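Please model the entire structure based on the sequences and the hints provided.
Residue numbers (our numbering), protein chains in the order written: chain P, 108 to 452; chain B, 2 to 640; chain H, 469 to 1010; chain W, 278 to 430.
Each hint should be verified, as a subset may be incorrect.
[Claimed, not checked] The calculated lysine-lysine pairs, modelled on BS3-like cross-linking and capped at a C-alpha distance of 25 Å, are:
#, chain 1, residue 1, chain 2, residue 2
1, B, 328, P, 293
2, P, 171, H, 744
3, P, 171, B, 103
4, W, 420, H, 529
5, H, 689, P, 413
6, P, 280, W, 292
7, B, 348, W, 292
8, P, 413, H, 529
9, B, 348, H, 492
10, W, 292, B, 328
11, H, 680, P, 413
12, H, 492, P, 413
13, B, 103, W, 420
14, H, 719, P, 413
15, W, 290, B, 620
16, B, 328, P, 280
17, H, 960, P, 293
18, H, 960, B, 328
19, H, 712, P, 413
20, P, 408, H, 712
21, P, 389, H, 719
22, W, 420, B, 618
[To be verified] If you anchor each label on the Cβ, the simulated ranges turn out as follows:
#, chain 1, residue 1, chain 2, residue 2, range
23, H, 855, P, 223, 50 to 58 Å
24, B, 339, P, 243, 41 to 49 Å
25, P, 212, B, 261, 53 to 61 Å
[Said to hold, decoys possible] So, partial list: chain B residues that the calculated Cβ filter (under 10 Å) puts toward chain P:
#, residue
26, 133
27, 136
28, 312
29, 483
30, 486
31, 499
32, 510
33, 514
34, 515
35, 526
36, 534
Derived from the structure by calculation, the hints contain no laboratory data. Computed from a predicted model, the values in this text were never measured in an experiment. The C-beta atom is built at its ideal place from N, Cα and C for all residues, glycine as well.
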Amino acid sequence: MNPVTITIDGLAIPAQEGMTILQAAQANGLYIPNLCNHPDLDPAGLCRVCVVKIDDWKIAISCKQPVKEGMVVSTEDPEVQRVRKNTVELLVANHPMTCLTCERDGNCELQRVARYVGLEPTDLNRYRRSVRSLPMDRSNPFFEIDHAKCILCGICVRTCDEIQNINAIDFVKRGVASLIGTMGNKPIAESRCESCGECVVRCPTAALSPRHRVQPMREVKSICSYCGVGCGIRLGVRGDQIVGVQGDRENPVNGGSLCVKGRFGYHFINHPERLQKPLVRKDGELVEAEWDEALDLIAEKFSQHKGEQFAALASARITNEDNYLIQKFTRAVMGTNTIDHCARL
Amino acid sequence: MNAINTPADLGPMRDYCQAALGRQKVRFLVCAGTGCIAGGSMAVYQELQRLLSERDINVDVELLYEGKESDAGVGTSGCHGFCQMGPLVRVEPTGTFYTRVKAADVPDIITATLDENSEVERLLFKNPDGSRSVTEHDVPFYNRQQRIVLDKCGTINPEDIRDYFAVDGYQALAEILQHLSPMEVIDIVTASGLRGRGGAGFPAGRKWLGCHKAGGSPKYVVCNGDEGDPGAFMDRSVLEGNPLAVIEGMTIAAYSVGARYGYIYVRAEYPLAVVRLQKAIEQAKQYRLLGENIMGVDFDFDLYIFQGAGAFVCGESTALTLSIEGKRGMPRVAPRPRTTEVGLWDKPTLLNNVKTYAFIPDIIRRGADWFKSIGTESSSGTAVFALTGHIANSGLIEVPMGITLREIIYDIGGGIPHGGTFKAVQTGGPSGGCLPASLLDTPIDYDSLDEAGSIMGSGGMVIMDENTCMVDVARYFLQFTEEESCGQCVPCRLGTKQLLEILKDICKGKGRKADLDLLYELSHSVHGGSVCGLGQTAANPVLTTLRYFKDEYEAHIFEKRCPAKVCKDLISFRIDEEKCAGCTLCARACPVSAITGEKKQVHVIDQSICIQCGVCKEKCPTKFSAVECVSPKLVMEVA
Amino acid sequence: MAGLATALGSGAMTNSIAEISGAKTILAIGTNTTQAHPVLALQVKKAARNGAGLIVANPKKIDLCRHATIHLQHRPGTDVALLMGMIKVIVDEGLADLDYIATRCENFEQFLASLAEFNLDAVAAITGVDQELIAAAARLYGSEQPAATLYCMGITQHSHGTDNVWAIANLGLITGNVGIPHGGVNPLRGQNNVQGSCDMGGLPDVYPGYQKVDNPDAQQKFEAAWGVKLSETPGLTHSEIFDKIHEGTIKSLYLVGENPYLSEANASHAIEAMEKIDFLVVQDIFLTETAQLADVVLPAATFAEKDGTFTNTERRIQRVRAAIAPRGEAKEDWRIVTEIARRMGAPGFDYNTPAEIMAEIAALTPSYGGITYERLEEGGLQWPCPTIDHPGTPILHTERFSTASGKARLMPLSFRESAELPDNEFPLLLTTDRSLFHYHTGSMTRRVEGLEQLVSEEFVKINPADAAHLALVDGEMVQVSSRRGTTTAKTKLTAVCPPGLVSMTFHFAESPTNMLTNAALDPIAKIPETKVCAVRVEKMTA
Amino acid sequence: MDETLHNLLAPYKDKSEALIPILQHVQGELGYLSDEAMLAIAGTTGIPESRVYAVASFYAQFYFTRRGKNQTKVCSGTACHVKGAARILDTFERELGIACGTTSEDYEHTLETVACVGSCALAPVVVVNDEVHGQMESGRVGKIVAGLNTNGG
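Put into structure tokens, the structure is as follows:
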């Protein structure tokens, strides 16, 4: 890839051949407003918000237009500004004005773009307002779909296709009636959706949003505890509860992708049935006991059953350090190599 | 003879077919175009057959080919173009041209033709001056036309390839297979100045050259017969009337660009065209004119029909190819490679309109210079229009480029009927515009129409009289584009919706002062921001009506008045007390019982019930003409 | 994973997950990747999307087949025949990489001789797959390279699972695909730290880092480090442990984070053992079905409540971090062990942090020699990572194999039937699989409301033709029995299962599938044959 | 899968490129595209069922619910529009008692508009059960509807 130099609004920036104008801008920390672009996906060029003027004559969309040596790009040309602002106004005229209670308030791409193109309060009533009234799809336990907030950027469709290759959803119908839907517009839960939530995390508005979401106060990097793939995650913590899981985009294993269990299967951590105290069998019943009592009993019994009378089953679920100590305990303290685990199951 | 095994077989084949057809002294050709069929032409056809059989002279075409002589026979032809006057019957070889023929007229026609050597006067076309025209050539509708593509539509049986052979069919293909290289063919097409007849007018030769040069295999030749413009049926008539000319043109194109396969994309709304094409392809295959080793030479080309499934946007080339691939017909987003390089199944694809291909055999046979001599410098050849609306003679016409709108409307079309006044002519369908009387002398060519704010388009030409509301027309087209927008890009999906909402409001008398500026601004943004041609031109009907009929918008917005008295929310019907004779016709016809009045008493319309359907005005006998339509709306009297 | 260790010297994924999408050919055999390893499956689907040939070998028409170039729908338990048949085509058609074989493999002559029995006629008869399809798959694998093989429990959970693994290794070696980028022989490990628990010596025959307990050098090293005398006798495996409990030899069982009640093949055998044993300690986060049998239950911390490391299927050691404090009085597993050991007066358990434990691991485990918590802060490291400045090893065997000779061993094989095949009494073949929405015995996922909402019960997946034959309708509760036990579940009529095959998961305590499965062990890997057993499906008796 | 569907789709195994002809064929035989039919098409061609619907619902030709025995299509082409198609449509709505784009409860009638049937010279045009009625007047609507009702289609 050959390096090239292009000019955006008078600023010369380095880029690589093969990049789009938008990629070059983003690589240099420049914001060009856009709604349907996502770095993980092929550019679609549908929202038309990223329009720029090239070499003072051609209107083009920066998400698809490749850079060329010496190219002069304007993002503030009057025609560009007008097309872009009108486009955003059209979207806003068809979008609910419920920002304050919206899941994505403050983190919404439509808000960001609207502010950037300079929407004034008077602009909000310039166009005829009409917001879709389609029922919310709440059939999935983990996320819900609000068609009224959908801007038809298609990021969810492309995610389900390009990344997940599941194709549970697609653009259905045509024209103004277009929407994102499943076969026959059935509830998402009746489709082949695998609830991975990859579309939800990429949705620029709250058309797709997690259900019962609680904002975390902090995040902790860790590794998913389900299968052997070992996806990087960020655990969202609020108080002493885990309130969410995000994919860790920096992790080379998953690059941020997660499956349904990894993303949504964390509620067991806070589950009321968690064991919170040791239990000891007394008169045939397991009853709560203090640690000392339980540990003393174990130490006593294990001391009686050293060597071939003892066996340990470690676990593929616990950490290396846990496993190391269990085998060390079995071998060094109990004097036997009879330690195994469910590697074979 | 039942196959063309070398190009040299074509000459003898033509002579053989001409000889066979020549054995029939008189031939009654019944128009079997969709319009005439709707008018009952098949009953006429059957009656002709029945009566000729009774006379024992109805000889089957096959027997002619076996050498039998015949006094008379009956055949079907494609559309003659003059659908309004259908069903049409033409008598060969005299060319006698009968209009509005009913089955009951058949005995008279037979008697006049076979027994009396005369004509049935009452069925001949009646000129405005009261005289009668015997042949098509005498009819003003026809005699100002110059027919190339439509020439054979009304004279040959589109379901018999031998009829096509008889009129020099496939001579052009034989010629190029024997004597011309693909590049030489492309040079002829380029030299002819032929521009794509789909609407945009891209030079055909350049497109062919691009596809010829493109790398990749196999290549495809695609015929765009997705004639989606409302008010246009040129392609339909060509496909129904002379399908083999299109097929021969495509085969020549395939040879020139090196294509192995071809598709004809036909609207599903055109079932007859599909049937005729199927038969034509079947026969072409039988005669070795499609398939492997066409005419025995090293050239293979297979042709398939694809039936569109009802989406206007599929007229756009990339949407059309995606549709054939079984996808949603959403135009590809630029920057993208040309269809000639990356088209159907991502292979080089030549895509032209039905008429573009239909011109090709004639251009090859008669030469580039002949074609270039017709029309204007920049737009050579003829243009085919579907002339409809408020026009005396409506139908399909073919005229040399450069002819003026006035000539078409008044000389060919016979002007506005019922003493009406011309208000506007709409060309180019939803992507085109409405031109006013002041532009009637505009010559018809790609560039002049463009300059006037409209486009040539594929050939729809709708004439509008003074009873047409131009705001309503703009609303009508925006309704169409809104429904037909593929919906993928924001400016087109929501921009057409917004334009439509504003226009609807204006038609309802809810227009705002700022709306005119808003329409301008939004129209330009939809033009600048949309992905494809459909979106980019969607606002043209708004822009041209704003440009030429701004006063009508202003009347709607500021006076709440619809000058043409079309917009229901701005009109009222009332009964003139002076004129009403109390005949009760209106009251009985009123679907909502809004009219009261005793027999022989003056009738009154209750404005609170009236739905402005206009039936009362329709029903009121002309001698009274008591019902009148007024705008703005009558202020309702509170009872 | 013992099979792979014999052939290549190491029983782990030879390549990395991120490389899969760059393969030209992928053979996915015995893995329902999209269900069991959904995020890794993204790489497979990406490769297929980019034009790679994807061969799915699976008795069922699994979801991955949607993306496959070729689906080899072989009869369960006939993998050796299928793979050796493919190898024979590759050799016969001159597609074998002879240079690679000459320089990197041994035992080729004997191996060639063993191919004789696998002519396509015979293979097609055994596997039930069309000859042409097998040949096409062989040609694809043999010519479009790099080719990667992915496999999972569908390969290993057989009475001849080791043979299956050897056959896979043979295929990779014969085509020169082992030790190259985007290729390799890649077992997909099922549980989050199954690789790590093996690496850590949670196996009866090896110390951490697969150092054999009967190797005197290793024994001395660990005796010196731990300051005690160690046994040189390999211990007992999972299934053998339950046998020895029945026999009365084993009296105490310390069970950490496992639920044999549901996961063990022929589960009733294990359950009876646990009911019978003198002293059972279960350490877990929930009161599992197994824990309910225990004498003492210890509350453990979840992964979100402790620091440590997991090693994933591609040998990547990654940091797990405590995000919250353990619930109630629950404790980290390592801490519990140290407390038991200290109470027993054992020295060497005075750890304050997992980092200290890792330091000891690194000191004693060559492949983990370069692992420190400081380094892991920067991201995971793939073993072998022998020294502090070693970058880790994304691809194994690039230059030499970890066998004694440095060469890979081609293993001559012959086909053996599964231990139990359908007969008149038990006419259907049961195979087990997993659901995307649940995990293992369900102790975690079944406590996630949303997952329960999506899938809350077991289904016997059965071909509509079989169901029609048995007069069963979709969703009907049926009884499934084998020689070992009986369970009940609802039917799901689906063409995913070919006629004659039924399939169940083992996530649901209400329908304990492992009551049915056969504990017939692979003689080397000691893995039970949960993928094949004979069952009968019947209408519920009123 | 229903046997009719099975036989219908047999020639299309794995022919994902033929989706639109398949949809046309199936609808031609069954009258509309049921969920079951779309799932069967997806299964046969290997196209995800969401995409089958995405494609089908894009085109005006395809229907997803049962249609009336009699189908009346009022042309809304430009020529028809300027010659009063809207009034013809209004009259049909009143005479049939159903709104445009709907089917009567007894599945006797479906009424809809069609973009242009290409018979503009005969405007305004109505197509009733594939028969073209040209130069329509609202006064003729009642007779057409009466004919449909007495003939039962």
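So, going through the hints one by one against the coordinates:
1. 328(B) x 293(P): holds, 21 Å
2. 171(P) x 744(H): At roughly 70 Å apart (the allowed maximum being 25 Å), residue 744(H) and residue 171(P) break the hint.
3. 171(P) x 103(B): violated, 61 Å
4. 420(W) x 529(H): violated, 58 Å
5. 689(H) x 413(P): Roughly 22 Å between the alpha carbons, so the hint for residue 689(H) and residue 413(P) holds.
6. 280(P) x 292(W): holds, 23 Å
7. 348(B) x 292(W): holds, 19 Å
8. 413(P) x 529(H): Violated, at roughly 49 Å.
9. 348(B) x 492(H): Answer holds: residue 348(B) to residue 492(H) is near 24 Å, not above 25 Å.
10. 292(W) x 328(B): holds, 13 Å
11. 680(H) x 413(P): Status holds; Cα separation ~21 Å.
12. 492(H) x 413(P): Outside the cut-off at roughly 54 Å; violated.
13. 103(B) x 420(W): Between residue 103(B) and residue 420(W) the Cα gap is close to 21 Å, so the pair holds against 25 Å.
14. 719(H) x 413(P): holds, 9 Å
15. 290(W) x 620(B): violated, 59 Å
16. 328(B) x 280(P): Holds, because 13 Å separates the two Cα atoms, which is no more than 25 Å.
17. 960(H) x 293(P): holds, 21 Å
18. 960(H) x 328(B): violated, 33 Å
19. 712(H) x 413(P): holds, 15 Å
20. 408(P) x 712(H): With Cα atoms ~18 Å apart, residue 408(P) and residue 712(H) stay inside 25 Å; holds.
21. 389(P) x 719(H): OK: residue 389(P) and residue 719(H) at ~19 Å, within 25 Å.
22. 420(W) x 618(B): holds, 20 Å
23. 855(H) x 223(P): 50 to 58 Å: holds, 51 Å
24. 339(B) x 243(P): 41 to 49 Å: Roughly 44 Å apart at Cβ, these two residues keep to the hinted range, so it holds.
25. 212(P) x 261(B): 53 to 61 Å: For residue 212(P) and residue 261(B) the Cβ distance comes to about 57 Å; the hint holds.
26. 133: Nearest chain P Cβ about 50 Å off; hint violated.
27. 136: Interface hint status for residue 136(B): violated (48 Å vs cutoff 10 Å).
28. 312: holds, 7 Å
29. 483: Constraint on residue 483(B) satisfied, holds at 6 Å.
30. 486: holds, 4 Å
31. 499: At 5 Å from the nearest chain P Cβ, residue 499(B) passes the 10 Å test, so the hint holds.
32. 510: violated, 15 Å
33. 514: violated, 13 Å
34. 515: holds, 8 Å
35. 526: Where the cut-off is 10 Å and the nearest Cβ of chain P is about 4 Å from residue 526(B), the hint holds.
36. 534: violated, 15 Å
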